[in-house]
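Let the hints inform the model, and build the full structure from the sequences given.
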Amino acid sequence: MDGRRYLEKLISDGLGAGRGQPPAGRLSGFDRREIRGVAIGLVAAGALGQEEADRILADLDVTLHRSGLLQVVHAEASASAEFPPTARPVGTERPEWRQAIEEPPSPVLRQVVSLAGRTLHVGELTADLVSLEVWSTFVALTFAHGYHDHRLLRDRFRPDIRWRGWDDAGTQYRAGGGGGSGSNGLLVDRRTFEPGPPPDARVLILAVESPAGQATVVIPLGRAPRRS
Numbered sequence: 000m001d002g003r004r005y006l007e008k009l010i011s012d013g014l015g016a017g018r019g020q021p022p023a024g025r026l027s028g029f030d031r032r033e034i035r036g037v038a039i040g041l042v043a044a045g046a047l048g049q050e051e052a053d054r055i056l057a058d059l060d061v062t063l064h065r066s067g068l069l070q071v072v073h074a075e076a077s078a079s080a081e082f083p084p085t086a087r088p089v090g091t092e093r094p095e096w097r098q099a100i101e102e103p104p105s106p107v108l109r110q111v112v113s114l115a116g117r118t119l120h121v122g123e124l125t126a127d128l129v130s131l132e133v134w135s136t137f138v139a140l141t142f143a144h145g146y147h148d149h150r151l152l153r154d155r156f157r158p159d160i161r162w163r164g165w166d167d168a169g170t171q172y173r174a175g176g177g178g179g180s181g182s183n184g185l186l187v188d189r190r191t192f193e194p195g196p197p198p199d200a201r202v203l204i205l206a207v208e209s210p211a212g213q214a215t216v217v218i219p220l221g222r223a224p225r226r227s
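Numbering that gives the first Met the number 0 puts the first residue of the sequence shown at 0, with every later residue one more than the last.
Any given hint could turn out to be false.
[As the list claims (entries may be wrong)] List of simulated lysine to aspartate or glutamate pairs, EDC-like, C-alpha gap at most 16 Å:
id, residue 1, residue 2
1, Lys-8, Glu-193
2, Lys-8, Glu-95
3, Lys-8, Asp-199
4, Lys-8, Glu-33
5, Lys-8, Asp-30
6, Lys-8, Glu-51
7, Lys-8, Asp-166
8, Lys-8, Asp-58
Calculated directly from the structure, the hints in this document are not laboratory data.
Written out as C-alpha cells, the structure reads:
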C-alpha cells in the first residue's frame, strides 16, 4: 500500500467534498484529528515514513491557514505514537489542496456497473440492486423494491440507519445523501458514498446496518476506461 498516496488523496477528497456549498459549510465535517490519526496508523503499519507523514500534515495546516480556515496553527506531536512529541516541520501550501477548497473539481462519470439480478437483504426487506455509478468524487448505489415493502423501507432504510463502505485499496467511504421516487409499482432509492474509488481499487464493499443485522454487497469495479 502506498501510504503517502493514500493520505494525500484522503486529504484532497475531504477538502473537495460537497461541491456547490460554501467552503465553510463543506469543510464543517473535515476533521484534522482524524487525518492525523490515519497518518499515525500508516506510520505504525510501515506504509508511510514518519518524516513524510509530518511533512504532509504540516502542508495541510499551512494550506488551511492560508485559506482562512485555520486561524491558529498549534504545535502538535508528529505522526508517531511514541512520546515525547517531536517538532513538526515547517509546511508549504499545496496548490492542489487550495484549489480543492476554493474550486472543487466537477465530478466525472467513470463507469456504471450493472447489478441486475442481484439483491440486498436487510431483515424482512429484499431490495433489487440496479446499478453502481462510479464517479471521480463519489459512488452511487441504486436499488428498488415493490410498493408492498413501503413500510419495511421506512423501518429498514430510514435516514438514521448506518451505511458505510470500503474497498480493497484501503479506502473508507462515507455515506452521503440519499433519495427515492416511486413509479410503475416500484420505489427506487439512490445512496451516495464519498470519495470516488482510487485507480487501483478493484472491489467495493457497501454495508448497511440496522437493528435486524448487517447486509453487505460486494461489487467488482474492474478497470474503468482510460481517458485521454
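For this session: For the pair supplied as a hint, Lys-8 and Glu-33, confirm whether the alpha-carbon distance does not exceed 16 Å.
Result: Holds, because 14 Å separates the two Cα atoms, which is no more than 16 Å.
Problem set entry | 16 Å Cα cutoff - pair Lys-8, Asp-30 | holds, 15 Å
For this session: Please work out if Lys-8 and Asp-58 have their alpha carbons no farther apart than 16 Å.
Result: holds, 14 Å
Problem set entry | Hint consistency between Lys-8 and Glu-95 [alpha-carbon to alpha-carbon, up to 16 Å] | Roughly 11 Å separates the two Cα atoms, so the pair holds.
Exercise. Holds or violated: Lys-8 with Glu-193, Cα cutoff 16 Å?
Worked result: holds, 12 Å
Exercise. Within 16 Å, alpha carbon to alpha carbon, are Lys-8 and Asp-166?
Worked result: Holds: Lys-8 and Asp-166 sit about 14 Å apart, inside 16 Å.
Problem set entry | Restraint check for Lys-8 with Glu-51, where alpha carbons must lie at most 16 Å apart | holds, 15 Å
Exercise. Is the straight-line distance between the alpha-carbon of Lys-8 and that of Asp-199 16 Å or less?
Worked result: holds, 13 Å
Taken one by one, the earlier hints all hold for this structure without exception.
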